[in-house]
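Chemist: Got chain A; can you put chain B on it based on the hints?
Chains A and B, in that order, give the protein sequences.
Residue 235 in the working numbering is what sits at position 223 of the first sequence, and the numbering runs on without skipping anything.
Residue 91 in the working numbering is what sits at position 79 of the second sequence, and the numbering runs on without skipping anything.
Be a bit skeptical, because a hint or two may be false.
Pairs count within a copy or across copies, as identical chains cannot be separated in the list.
Below, in silico cross-link-like pairs of lysine to aspartate or glutamate (EDC-like), each with a Cα-Cα straight-line distance of 20 Å or less [to be verified]:
(1) K60 with D270
(2) K280 with D351
(3) K326 with D349
(4) K36 with D187
(5) K60 with E275
(6) K34 with D71
(7) K15 with D187
(8) K37 with E271
(9) K37 with E350
(10) K37 with E76
(11) K139 with E202
(12) K15 with E62
(13) K37 with E62
(14) K326 with E151
(15) K367 with D334
(16) K15 with E210
(17) K15 with D351
(18) K367 with D187
Simulated from the structure, these hints should not be mistaken for lab results.
Since the structure is predicted, the reported quantities are computational estimates derived from the model, not experimental observations.
Number of protein chains: 2
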Amino acid sequence: MSKYWSTITQSIVPYVPGEQPKGKKFIKINTNENPYPPSPRVLEAIHKVEAGTLRLYPDPLCHELRKAIAQQYGLSIEQVFVGNGSDEVLAFAFMAFYNPGNPILFPDVSYTFYPVYSSLFQLEHHKVFLNEDFSLPVEAFLQGNGGIVIANPNAPTGCYLPICDIRRILDGNLDQVVLIDEAYIDFGGESAACLIPEYPNLLVVHTLSKSHSLAGLRVGFALGQKELIQGLDRIKNSFNSYTLDCIAQVAACAAIQDEEYFELNRNKVMVTRDRVSHRLLQMGFTVVPSMANFILISHAALSAQVLFHGLREKGVLVRYFDLLRIDNYLRISMGTDEDMNIFLQILSELMEQKK
Amino acid sequence: MSKYWSTITQSIVPYVPGEQPKGKKFIKINTNENPYPPSPRVLEAIHKVEAGTLRLYPDPLCHELRKAIAQQYGLSIEQVFVGNGSDEVLAFAFMAFYNPGNPILFPDVSYTFYPVYSSLFQLEHHKVFLNEDFSLPVEAFLQGNGGIVIANPNAPTGCYLPICDIRRILDGNLDQVVLIDEAYIDFGGESAACLIPEYPNLLVVHTLSKSHSLAGLRVGFALGQKELIQGLDRIKNSFNSYTLDCIAQVAACAAIQDEEYFELNRNKVMVTRDRVSHRLLQMGFTVVPSMANFILISHAALSAQVLFHGLREKGVLVRYFDLLRIDNYLRISMGTDEDMNIFLQILSELMEQKK
Chain A
13 MSKYWSTITQ SIVPYVPGEQ PKGKKFIKIN TNENPYPPSP RVLEAIHKVE AGTLRLYPDP
73 LCHELRKAIA QQYGLSIEQV FVGNGSDEVL AFAFMAFYNP GNPILFPDVS YTFYPVYSSL
133 FQLEHHKVFL NEDFSLPVEA FLQGNGGIVI ANPNAPTGCY LPICDIRRIL DGNLDQVVLI
193 DEAYIDFGGE SAACLIPEYP NLLVVHTLSK SHSLAGLRVG FALGQKELIQ GLDRIKNSFN
253 SYTLDCIAQV AACAAIQDEE YFELNRNKVM VTRDRVSHRL LQMGFTVVPS MANFILISHA
313 ALSAQVLFHG LREKGVLVRY FDLLRIDNYL RISMGTDEDM NIFLQILSEL MEQKK
Chain B
13 MSKYWSTITQ SIVPYVPGEQ PKGKKFIKIN TNENPYPPSP RVLEAIHKVE AGTLRLYPDP
73 LCHELRKAIA QQYGLSIEQV FVGNGSDEVL AFAFMAFYNP GNPILFPDVS YTFYPVYSSL
133 FQLEHHKVFL NEDFSLPVEA FLQGNGGIVI ANPNAPTGCY LPICDIRRIL DGNLDQVVLI
193 DEAYIDFGGE SAACLIPEYP NLLVVHTLSK SHSLAGLRVG FALGQKELIQ GLDRIKNSFN
253 SYTLDCIAQV AACAAIQDEE YFELNRNKVM VTRDRVSHRL LQMGFTVVPS MANFILISHA
313 ALSAQVLFHG LREKGVLVRY FDLLRIDNYL RISMGTDEDM NIFLQILSEL MEQKK
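Same shape as in the complex, but just chain A:
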């Protein structure tokens, strides 16, 4: 604590990202990164950037990138906002659409950055309790509120909410912005982006970090009707005019335009997820059904914490959250098939030792 810190700085409890290990080589299945590299077109695009471009400010409107995204979703460029990772887009959205004194709603088990944004921007929030199986109680999101934030599929559970339920939530909250955070939607879910023409209260947030293998480049985007995008623009232009550097802009464009690679990439991850889930069920694990690139698992015989440490000792890094309701679960990101086989092998050995 320092006397120079503002009251906000003193009061916030910052987000803690998953470990990015240095030195020792781990099988790293702890931060939901894609195990496969991005489309080869990405490096090609990066290598084409000239020194003379680097000295100039990048396009503050990110015109080409927004055009590429708009085409992908059948939207207009005015319905697309891009930012420095979806975390930045989420931060801007919390500022742009929610007000102190009018509590926003999000699930009790969800992305742990939501309450952090809430406290940073001094918003109130109510946590809506998920059902026992981590599914989302739609009715609970139809009560009075100042806004709604739902990750779909949810993190760290992987649970997917079908479009018909999102429509019910949108219909029940026509005066508030309903933010659907679709960081993991490309692994089997259907994007709510198709509802944008109907709902002025819908903001859909995506990232290229997962399904486009670009976590290292920090590109996220939001889709919504023009008025919402203008709201995000106002906040962004009051914070940092140029949030996306010139390289991230061309690289993201290249990734989005290589649809064939994208399809292959996400399919591989889904196949791995389903295979690993099946195997874990056979081993007696509880596996929350997932539509994401990770699974949340638990075992009656061995505590998650013990497993976490056991795996770490053997060179496998997974994610453990010491949080209510999920403190006996591990979140396992999908690695390559080879990595997942090693993970399953080590996990079997740990279970064996326990007997």
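Modeler: Only chain B this time, still in chain A's reference frame:
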């Protein structure tokens, strides 16, 4: 205006960056970019980045980059904070150190983003009137306040405040954070970074956009005692864990480590500035003495607006601010010598036509 916008979104007046023209080829001396490309080592570093790196989150602590900066300034890594351009660093600093209800002070003529941050974070501010010659009245910054923000050299005037005056301001404000925005310090000024060991209330902010020719990559940093850097970290980690992508991190490192190139680059710009200033004085212009990579000029016989449009028509883009006290001035960024010769030639012709 939209009913979905928060009260902040409705009330702010966003910053407007200088024009980034498309299509038509301009002599672009309007946004203080460096006319020369970055060190060749920058592209080399970028080309070394592998596809496998892009799929992983970047180092959230930016360890290597902070180490390179720390070495440059004789500081420890705990005294360095990096961000997505100095605009982001400034935004974080306003949140981290200033409180609503306790007005911060900055000059009436300065970087026009300061009042925007103020309004975004609902801080109050008082503008301190600069002297007639745009020099800074040090005494006026010794009155009660909630924090101080000074660009040195100032923008868009180019006026430089010597270290002894900064020391007086620091001594007179030991309980508030004094932020010295040194975006342009490398063009002849002395950085206040040397005062950091003595002053826990000093935060110095830099950018690689100007003197390192990296506007396109969005890298800025702050220097200060550990407690201040921790304050910035708390805000950043409540906003976006990974603000600097993996390419910007290695490219910025390369730029900072090529000291020889840096010296040559900034010297060329300074020589051009002094030559152009001299020529403009001969032409009867008022030239505010500048220690930056731009100059603020005015002429008694022709209005700045007329000159702005005349120059634009002839393919030369400069910056005009329709703001109190400087609405008859033009800000001219330093281009290559060739570009500046064309600018001077066209300016002469415009003056000639007037006669």
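Chemist: Decide, hint by hint, whether the structure agrees.
Modeler: Hints, verified against the model:
For a Cα distance limit of 20 Å, the shortest separation of K60 from D270 inside one copy, 17 Å, qualifies, whereas the shortest one across copies, 22 Å, does not. Taking the closest pair of Cα atoms, K280 and D351 come within 20 Å of each other only inside a single copy of the chain (13 Å); across copies the shortest separation is 53 Å, beyond that limit. In this assembly of identical chains, the alpha carbons of K326 and D349 lie at most 20 Å apart only when taken from the same copy (18 Å versus 61 Å across copies). In this homomeric assembly, K36 and D187 never come within 20 Å of each other (Cα to Cα): the closest approach is 51 Å inside a single copy and 44 Å across copies.
Taking CA atoms no more than 20 Å apart as the test, K60 paired with E275 passes in neither setting, with 25 Å inside one copy and 27 Å between copies. In this assembly of identical chains, K34 and D71 lie within 20 Å of each other by CA distance solely across copies; the values are 9 Å between and 34 Å within a copy. Taking the closest pair of Cα atoms, K15 and D187 come within 20 Å of each other only across two copies (8 Å); inside a single copy the shortest separation is 41 Å, beyond that limit. When the C-alpha separation of K37 and E271 is checked against a cutoff of 20 Å, the pair qualifies neither within a copy, at 32 Å, nor between copies, at 34 Å.
For a Cα distance limit of 20 Å, the shortest separation of K37 from E350 inside one copy, 15 Å, qualifies, whereas the shortest one across copies, 52 Å, does not. For the identical chains of this complex, K37 and E76 are inter-copy neighbours only, at 19 Å across copies versus 38 Å inside a copy, given an alpha-carbon limit of 20 Å. Taking the shortest alpha-carbon separations for K139 and E202, neither the intra-copy value of 25 Å nor the inter-copy value of 52 Å comes in at or below 20 Å. Taking CA atoms no more than 20 Å apart as the test, K15 paired with E62 passes in neither setting, with 46 Å inside one copy and 44 Å between copies.
With identical chains, the CA atoms of K37 and E62 are at most 20 Å apart between copies only, with a shortest distance of 17 Å across copies and 34 Å within one. Within a single copy, K326 and E151 get their C-alpha atoms no closer than 44 Å, and across copies no closer than 64 Å, so neither meets the 20 Å cut-off. Taking the shortest alpha-carbon separations for K367 and D334, neither the intra-copy value of 25 Å nor the inter-copy value of 78 Å comes in at or below 20 Å. In this homomeric assembly, K15 and E210 come within 20 Å of each other (Cα to Cα) only across copies, at 17 Å, whereas the closest approach inside a single copy is 50 Å.
Proximity of K15 to D351 under the C-alpha cut-off of 20 Å is found in neither arrangement, the shortest distances being 48 Å within a copy and 49 Å between copies. Within a single copy, K367 and D187 get their C-alpha atoms no closer than 56 Å, and across copies no closer than 62 Å, so neither meets the 20 Å cut-off.
When each numbered hint is compared with the structure, violations occur for hints 4, 5, 8, 11, 12, 14, 15, 17 and 18.
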